[in-house]
Amino acid sequence: MKTVKISITMPEDLVKELKHLTSNLSAYITAGMQEYVARDRARRGFKKSVGSWRQEDHPELQTITDITKYVEETRGGWKNID
1091 MKTVKISITM PEDLVKELKH LTSNLSAYIT AGMQEYVARD RARRGFKKSV
1141 GSWRQEDHPE LQTITDITKY VEETRGGWKN ID
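So the sequence shown is numbered by my numbering: it starts at 1091 and just counts up by one.
Some hints could be false.
The list that follows gives simulated cross-link-like pairs (lysine-lysine, DSS-like), each with its CA atoms no further than 30 angstroms apart [what the hints assert, rightly or not]:
no.	residue 1	residue 2
1	1138	1159
2	1106	1095
3	1159	1137
4	1109	1092
Think of the hints as simulated: they come from the structure by calculation, not from any bench.
Note that the structure is a prediction, hence the values are computed from the model and not measured.
Please build the complete structure, drawing on both the sequences and the hints.
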């Protein structure tokens, strides 16, 4: 993966704490930002999907028993890949 050098501004006390935690600030911050971006994408996706599932569109999945049956039937068709 190609890398790009950037300049960022952070609170001094945070930088000191980071330096106590790691000897490779770039890798540490990169890993943290990758995790943050993944969570942010998921959160945005969840927000976009709100309201896309309506109970009246799925009368067959109204109870825990209905849902359990559906999941078991769906997973029953899966094959183990070992």
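Hint check results:
no., hint, result
1, 1138 to 1159, "28 angstroms, holds"
2, 1106 to 1095, "20 angstroms, holds"
3, 1159 to 1137, "28 angstroms, holds"
4, 1109 to 1092, "24 angstroms, holds"
Checked against the numbered hints above, the structure breaks none of them.
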